[in-house]
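Protein chains: 2
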Amino acid sequence: MYMDKLSTQPTKGFHDIYPEDMRVRQWLFGKMRETAMLFGFEEYDGPILEPIEIYAAKSGEELVKQQTFLLTDRGGRQVALRPELTPTLARMVACKKNQLTYPLRWFSIGPRFRYEAPQKGRAREFYQFDCDLVGPTTPESDAEIIALAATFFKNLGLTPDDVVIKINSRKMLQHKLSLLDIPSSKTNEVIHAIDKKDKMSEDKWIEYLKTEDLSDDQIKNLLKIMGDRDVSFESDELTNVFSTLKDLGVSEYVEFDPSIVRGLEYYTGTVFEARDKKGQFRALLGGGRYDNLVELFSKESLSGIGFACGDMVLLEMLSSHDLLPNTKSLSSHTSRILVTVFNESTVRASLKLIRTLRDEHIPSELYPDFAVRLDKQIKYADKKGIEFVVIIGPDEMKNDTLTLKNLKTGEQKTITFHELLSLVQ
Amino acid sequence: MYMDKLSTQPTKGFHDIYPEDMRVRQWLFGKMRETAMLFGFEEYDGPILEPIEIYAAKSGEELVKQQTFLLTDRGGRQVALRPELTPTLARMVACKKNQLTYPLRWFSIGPRFRYEAPQKGRAREFYQFDCDLVGPTTPESDAEIIALAATFFKNLGLTPDDVVIKINSRKMLQHKLSLLDIPSSKTNEVIHAIDKKDKMSEDKWIEYLKTEDLSDDQIKNLLKIMGDRDVSFESDELTNVFSTLKDLGVSEYVEFDPSIVRGLEYYTGTVFEARDKKGQFRALLGGGRYDNLVELFSKESLSGIGFACGDMVLLEMLSSHDLLPNTKSLSSHTSRILVTVFNESTVRASLKLIRTLRDEHIPSELYPDFAVRLDKQIKYADKKGIEFVVIIGPDEMKNDTLTLKNLKTGEQKTITFHELLSLVQ
Numbered sequence: 204m205y206m207d208k209l210s211t212q213p214t215k216g217f218h219d220i221y222p223e224d225m226r227v228r229q230w231l232f233g234k235m236r237e238t239a240m241l242f243g244f245e246e247y248d249g250p251i252l253e254p255i256e257i258y259a260a261k262s263g264e265e266l267v268k269q270q271t272f273l274l275t276d277r278g279g280r281q282v283a284l285r286p287e288l289t290p291t292l293a294r295m296v297a298c299k300k301n302q303l304t305y306p307l308r309w310f311s312i313g314p315r316f317r318y319e320a321p322q323k324g325r326a327r328e329f330y331q332f333d334c335d336l337v338g339p340t341t342p343e344s345d346a347e348i349i350a351l352a353a354t355f356f357k358n359l360g361l362t363p364d365d366v367v368i369k370i371n372s373r374k375m376l377q378h379k380l381s382l383l384d385i386p387s388s389k390t391n392e393v394i395h396a397i398d399k400k401d402k403m404s405e406d407k408w409i410e411y412l413k414t415e416d417l418s419d420d421q422i423k424n425l426l427k428i429m430g431d432r433d434v435s436f437e438s439d440e441l442t443n444v445f446s447t448l449k450d451l452g453v454s455e456y457v458e459f460d461p462s463i464v465r466g467l468e469y470y471t472g473t474v475f476e477a478r479d480k481k482g483q484f485r486a487l488l489g490g491g492r493y494d495n496l497v498e499l500f501s502k503e504s505l506s507g508i509g510f511a512c513g514d515m516v517l518l519e520m521l522s523s524h525d526l527l528p529n530t531k532s533l534s535s536h537t538s539r540i541l542v543t544v545f546n547e548s549t550v551r552a553s554l555k556l557i558r559t560l561r562d563e564h565i566p567s568e569l570y571p572d573f574a575v576r577l578d579k580q581i582k583y584a585d586k587k588g589i590e591f592v593v594i595i596g597p598d599e600m601k602n603d604t605l606t607l608k609n610l611k612t613g614e615q616k617t618i619t620f621h622e623l624l625s626l627v628q
Numbered sequence: 204m205y206m207d208k209l210s211t212q213p214t215k216g217f218h219d220i221y222p223e224d225m226r227v228r229q230w231l232f233g234k235m236r237e238t239a240m241l242f243g244f245e246e247y248d249g250p251i252l253e254p255i256e257i258y259a260a261k262s263g264e265e266l267v268k269q270q271t272f273l274l275t276d277r278g279g280r281q282v283a284l285r286p287e288l289t290p291t292l293a294r295m296v297a298c299k300k301n302q303l304t305y306p307l308r309w310f311s312i313g314p315r316f317r318y319e320a321p322q323k324g325r326a327r328e329f330y331q332f333d334c335d336l337v338g339p340t341t342p343e344s345d346a347e348i349i350a351l352a353a354t355f356f357k358n359l360g361l362t363p364d365d366v367v368i369k370i371n372s373r374k375m376l377q378h379k380l381s382l383l384d385i386p387s388s389k390t391n392e393v394i395h396a397i398d399k400k401d402k403m404s405e406d407k408w409i410e411y412l413k414t415e416d417l418s419d420d421q422i423k424n425l426l427k428i429m430g431d432r433d434v435s436f437e438s439d440e441l442t443n444v445f446s447t448l449k450d451l452g453v454s455e456y457v458e459f460d461p462s463i464v465r466g467l468e469y470y471t472g473t474v475f476e477a478r479d480k481k482g483q484f485r486a487l488l489g490g491g492r493y494d495n496l497v498e499l500f501s502k503e504s505l506s507g508i509g510f511a512c513g514d515m516v517l518l519e520m521l522s523s524h525d526l527l528p529n530t531k532s533l534s535s536h537t538s539r540i541l542v543t544v545f546n547e548s549t550v551r552a553s554l555k556l557i558r559t560l561r562d563e564h565i566p567s568e569l570y571p572d573f574a575v576r577l578d579k580q581i582k583y584a585d586k587k588g589i590e591f592v593v594i595i596g597p598d599e600m601k602n603d604t605l606t607l608k609n610l611k612t613g614e615q616k617t618i619t620f621h622e623l624l625s626l627v628q
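In the order they appear, the protein sequences are chains A and B.
In terms of our numbering, the first sequence opens at residue 204 and continues consecutively.
In terms of our numbering, the second sequence opens at residue 204 and continues consecutively.
Source of the hints: derived by calculation from the structure; they are not laboratory data.
One or more hints might be untrue.
Same chains, same names: a pair is fine if it fits in one copy or spans any two.
Pairs of lysine to aspartate or glutamate residues, derived as EDC-like cross-links and limited to a Cα-Cα distance of at most 20 Å, are as follows [claimed, not checked]: (1) K480 to D276; (2) K323 to D525; (3) K427 to E437; (4) K234 to D439; (5) K531 to D439; (6) K234 to D420; (7) K399 to E319.
Can you build the whole structure from these sequences, using the hints too?
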C-alpha cells in the first residue's frame, strides 16, 4: 500500500531548535539568568495554559481578541496559550499574597504564544525573559529594574552606542494631557495614538489625532510635549529615577523620551523600552510600573514594575552586531573524548575506558558500532567538534596503553590512562 | 461598581512554580543536563504545538484520542499540545536527514501535555527528559542509553536498592509468541495485554487473555514465558546488551523482565522501564528501540533507541527517599548581600556600593525603600536566606566604612569595602 508521507515542517510560525541553535539559546538564557541573579532575582514559572479571563481585562484588546491561541478543554473551560506572563504573575502573587516576602524580585524565562503573521524577528512561539519587582513604589525600585535591563545588554556585549533604554512617566504624561483639557475618558485613546506615533509620518499622525477629535490647539501642544526633552525635570519621580540610574552606573544606557507610552493598558507610572540606536529593529524590551498588579484577583492593592524581553528581536540584533558566540566554542557543547571501537575483540577495553572517564566526570562517548571503519569514526568526531579521539587496538590492549589523537592539532601519541586523565582534567 | 474577583487557581491539572519549587526543578534539570552531557548528548527542542497527524499514526490510540489537548488554529489547522516528544524528534530528524551527523545523541527537557485525571504524581502539564541515540542498531547503543538512565539515577542519589531498570526484547517476545501459534495479526493485542499484567491479579489477567481468544494452552505457555528469568539468554542481542551494561559499570541497576513491553506501538526491539523497588510508584522512565523513527516522513529508514522520564513521579520518589536538596542550601538561590538603606541622605552611598559589588559579579540587592525601618529590612534578608547585610549609616559614611551583619552567625562588625570584598569573593 502506498502511503503519503507527512510534511517535515513545523506548524506555521513555530520553530525547530536543532542542537546548534539550542546552544545559542542556552547561552542567551544563561546571560538572562546570570544578570537576574546578580540583581538578587529568583526564578519562577507558571502554566503554559491559563484561563482566558485573566487576559481579557487588561492585556489590551488586540492581544486577546486577535492574537491569542484559544482552546476549549474537555471540561468546557476556555483557556489560552499564554501570550505574556504578567497576568500569570499577578494570579500567582494574589494566590499567596500574604505568605510572600516583599519586595519580590522575580524573573522567568519561557515560551509565549501570539497568533501574529510570522516575519523576521517575529514568530508565533517565542521566548521571553520577564523581570518584576513587586511591593515598593519608590524610584529606587524603578531604577533597579531598568539597571537590570541595562546590565543585561552590557553582559551581552551591547554598548550604549548600540542600544538605548527610553524612559517616560505615564503619570506625568496624564498630568500633561489634563493640562491640555483632554478629558480623562479620552486619555487611553490619546495614549494609544502616542504609541503609534513612530509608526507613521508626523503629517499622518496629525491627521490621525484629528480623527480622535483633538482640536488644533491640543494637537499643537501635544506635539510640543513630544518634542520637549526637558519636561522630565517637571516630575520629581522621573528626576529621582534618572539620578538613581546614574548612581547605579548605567546612565549611559538611558534617556528620557516623552513619546514612550507602551501599548499595554495596565501601566500607570514609569514606562520604558529599549531600542537599537540605528532604528533597524522593533523594541528589544519594554516594561513599566503597574499600580495594582493583583486587582483582578484581590481587593487589596499591590504595585510593581517589570519588563519583558523577547528572544527573537534580540537574537537578530546580536547577530547583526556579530555578538553571537561561535557555537563550536561554547563550553561543553559536546563530548571531550570519543572512544572509538577497533574491532569486536577490543570492545570491552573501550567500554571500560568510557566507564572510567565518566566516573571522573569527563564528558565522553563511545562510538557504538565496531562495524564502522576507524577513519569514519574519527571523521564523526571531527564533524561534531570533539577534541580528542582515543584508539584502543590489539597493540594498545597488549601494552595497556592507548593512542590519543588531538583533532585540533592533528598530533597523535601513545600514552597511558593516567597521562590521558591529567591531560583532560 | 462591584466586580467579582477572578480565581487565583491555575487551570485544573496545571501548576504554578513558585521560586522555592523552581529551585528544585532547576536542580533536577541540572542533573538531567549534567548526565546527558557526560554521555556526549546534545540538547535540542521542538515546538509545543504540532500537527495532529504526527501523533495519530504511532503514539497509541488512547494517547491521541483521549489524552491530547487539541485546537484548531485560525488557519484551520488541527494542532495538538505535544503529549510526547518522539514524533517531533522523528519530524526534525527526517527534515534534515542527510545533513545530520550520525550517530545522533540528542536530549531534550521540556513541557508535555496530557488530558488525564490529575492525581498524585500525574498532572496535565509536566516536564519530560528525553534521550535518543539515532543511527546504529547495535547492542552497544542500547546499552549506552540504558547506562545513561542508570547513571542519571546514580547522580540523583538513587541506589540499586531503590530503583531497577527492567529490560526486555520485543523482538524476542514476538518470536516467542509466534512459537505459541499466536498469529502476527494478534501480536499487538497480546502485547497490550502483557502491558496490563501488573495492573491486575493473575486470575483477572487469565480471564482477560481468554476474552482475547487465547487457548488454555497458549495462556499456560504465556504465563511460563512471563515467569522465566533465563529466557533472555536465548536472545544474542539481549545477552550482548546485558554484558555491555556490565562493562559500563551499571549491571547492579538492571535486570531482565519478560513482562516489560511498554505501551507505545512504535517499539520494535529492546524495551525497558525503571521502577522503584518497593513498587510504590508508577514507572520512573520508559523507553525502547524503534526500527524506523522517520517512517511517517520519509521512504528511507532510520533506527533509534531512546527513553522519556517525567518529572512528577521522579520528584515524588526523590522526596520519599529524602533525596531532594534543601532549597535554602542550593547555591545562588538568592543574593549574597543585602545593602540596606539607612535614610534619604545615605541612599547614594548604598547605591554606589551595590554598583561596585555587581561590577565584581557578586549577586547583591538594594533594599529599595528607605521609608522602611532598618530592622524590617534586615528581617527581609533573613526571610529570604541572604547571608550578609550591609548597613551604611551617617557614621559609616563619615569614616568610609560599612557595618556588616552575618545573619547566619549574628556577628556584626565594622569593616572597609576591601575587607568586604575579600570576605565574599
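A quick look at each hint next to the structure:
1. K480 to D276: neither (45 Å within a copy, 37 Å between copies)
2. K323 to D525: For K323 and D525, the Cα distance is within 20 Å only inside one copy (17 Å; across copies 49 Å).
3. K427 to E437: Within one copy only: 15 Å inside a chain, 88 Å across chains, cut-off 20 Å.
4. K234 to D439: For K234 and D439, the Cα distance exceeds 20 Å both inside one copy (33 Å) and across copies (49 Å).
5. K531 to D439: neither (50 Å within a copy, 40 Å between copies)
6. K234 to D420: Close neither inside one copy (48 Å) nor across copies (65 Å); limit 20 Å.
7. K399 to E319: Within one copy only: 18 Å inside a chain, 45 Å across chains, cut-off 20 Å.
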